[in-house]
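Take these sequences, add in the hints, and give me the full structure.
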Amino acid sequence: MAKCKEQFNSAKQMNFNRIMIRHYIDDELVNLIDMWNAAGKPANKAPRDWIRLNQTQELLEKLVKQTGTLPIRVERKRGEGRKPKHLIAQIPGILIVSTEGKRAGTYAISKLAIDYYEYLSCCCISKLSA
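In the working numbering, the protein residues as written are 1 to 130.
In short, the hints are calculated from the structure, not lab data.
Bear in mind the structure is a predicted one, so any value in this text is a computation, not a measurement.
One or more of the hints may lead you astray.
What the hints assert, rightly or not - Derived lysine-lysine pairs resembling DSS-like cross-links, with alpha carbons at most 27 Å apart:
(1) Lys65 <-> Lys77
(2) Lys62 <-> Lys85
(3) Lys83 <-> Lys45
(4) Lys111 <-> Lys41
(5) Lys83 <-> Lys65
(6) Lys77 <-> Lys62
(7) Lys45 <-> Lys111
(8) Lys45 <-> Lys77
(9) Lys65 <-> Lys111
(10) Lys62 <-> Lys83
(11) Lys45 <-> Lys85
(12) Lys111 <-> Lys62
(13) Lys45 <-> Lys102
(14) Lys85 <-> Lys65
(15) Lys111 <-> Lys85
(16) Lys102 <-> Lys41
(17) Lys77 <-> Lys41
Said to hold, decoys possible - Computed beta-carbon distance windows for the label pairs:
(18) Leu70 <-> Pro42: 29 to 35 Å
(19) Ala104 <-> Gly79: 28 to 34 Å
(20) Glu75 <-> Thr99: 15 to 21 Å
(21) Asp115 <-> Lys41: 14 to 20 Å
(22) Glu80 <-> Arg52: 16 to 22 Å
(23) Leu70 <-> Lys102: 24 to 30 Å
Here a beta-carbon is modelled for each residue, glycine too, at the ideal position from N, C-alpha and C.
Okay, structure coming up:
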């Protein structure tokens, strides 16, 4: 696992299953959609699914508190008789969802990219190379 973190922290260009992983904003953010595509697009494991998880929301809340950055939240309806939940959808400079042409994708800092990588349950050492 330590090797994986080193590769994420030091790499300017990454290949995952021989697919180039794009970066955004001066190589500071990693494209999670590219990671999901490289993993074979596993069902229910797209970045949007990962972002909705309670564990991910807790991590995002911690990052919001640590950085003091105001997140962008969305309301998610939870069924009849239950209050809607307000999820963090984006955190400027930390987690960005872009729909702009060639840069379209979900981008995250390396700490979140590593967490998402683990969520995809891929073998870090054999699948990721800088």
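Hints and how they fare:
Annotation: proposed proximity of Lys65 to Lys77 holds, straight-line Cα distance about 25 Å (limit 27 Å). Note on Lys62 and Lys85: the hinted pairing holds, with a Cα-Cα distance of about 17 Å set against a maximum of 27 Å. Straight-line distance between C-alpha atoms of Lys83 and Lys45 comes to about 25 Å, which keeps the hinted pair within the 27 Å bound. A hinted pair counts as satisfied when its Cα atoms are at most 27 Å apart, and Lys111 with Lys41 qualifies at roughly 21 Å.
The straight-line distance between the Cα atoms of Lys83 and Lys65 is roughly 24 Å, inside the 27 Å bound, and the hint therefore holds. Taking the CA atoms of Lys77 and Lys62, the gap is about 23 Å. The hint holds against a cut of 27 Å. A hinted pair counts as satisfied when its Cα atoms are at most 27 Å apart, and Lys45 with Lys111 qualifies at roughly 18 Å. Only pairs whose Cα atoms come within 27 Å are accepted, and Lys45 paired with Lys77 is accepted, the gap being roughly 20 Å.
Only pairs whose Cα atoms come within 27 Å are accepted, and Lys65 paired with Lys111 is accepted, the gap being roughly 15 Å. For a cut-off of 27 Å, the pair hint linking Lys62 to Lys83 stands: about 23 Å separates their Cα positions. A C-alpha spacing of about 20 Å is found between Lys45 and Lys85, which places the hinted pair at or below 27 Å, so the restraint holds. Proximity of Lys111 to Lys62 is assessed by CA-CA distance (about 12 Å); at most 27 Å being required, the pair is judged to hold.
Restraint check for Lys45 and Lys102: satisfied, since their Cα atoms lie roughly 22 Å apart, inside the 27 Å limit. Among the hinted pairs, Lys85 with Lys65 is consistent with the structure: their alpha-carbon atoms are about 19 Å apart, no more than 27 Å. With a C-alpha separation of about 25 Å, the suggested pair Lys111 and Lys85 falls inside the 27 Å cut-off, and the hint holds. Only pairs whose Cα atoms come within 27 Å are accepted, and Lys102 paired with Lys41 is accepted, the gap being roughly 19 Å.
Restraint check: the Cα-Cα separation between Lys77 and Lys41 comes to about 26 Å, which is no more than 27 Å; the hinted pair holds. Taking 29 to 35 Å as the suggested C-beta distance range, the pair Leu70 and Pro42 conforms, at roughly 32 Å. Our hint of 28 to 34 Å for Ala104 and Gly79 holds, since their Cβ atoms are close to 31 Å apart. For the pair Glu75 and Thr99, the supplied restraint of 15 to 21 Å holds, since their beta-carbon distance comes to about 19 Å.
One distance hint, 14 to 20 Å for the beta-carbon pair Asp115 and Lys41, holds here, with the actual separation near 19 Å. A beta carbon spacing of about 19 Å between Glu80 and Arg52 agrees with the range 16 to 22 Å that was offered as a hint. A hinted range of 24 to 30 Å for the beta carbons of Leu70 and Lys102 is consistent with their spacing of about 28 Å.
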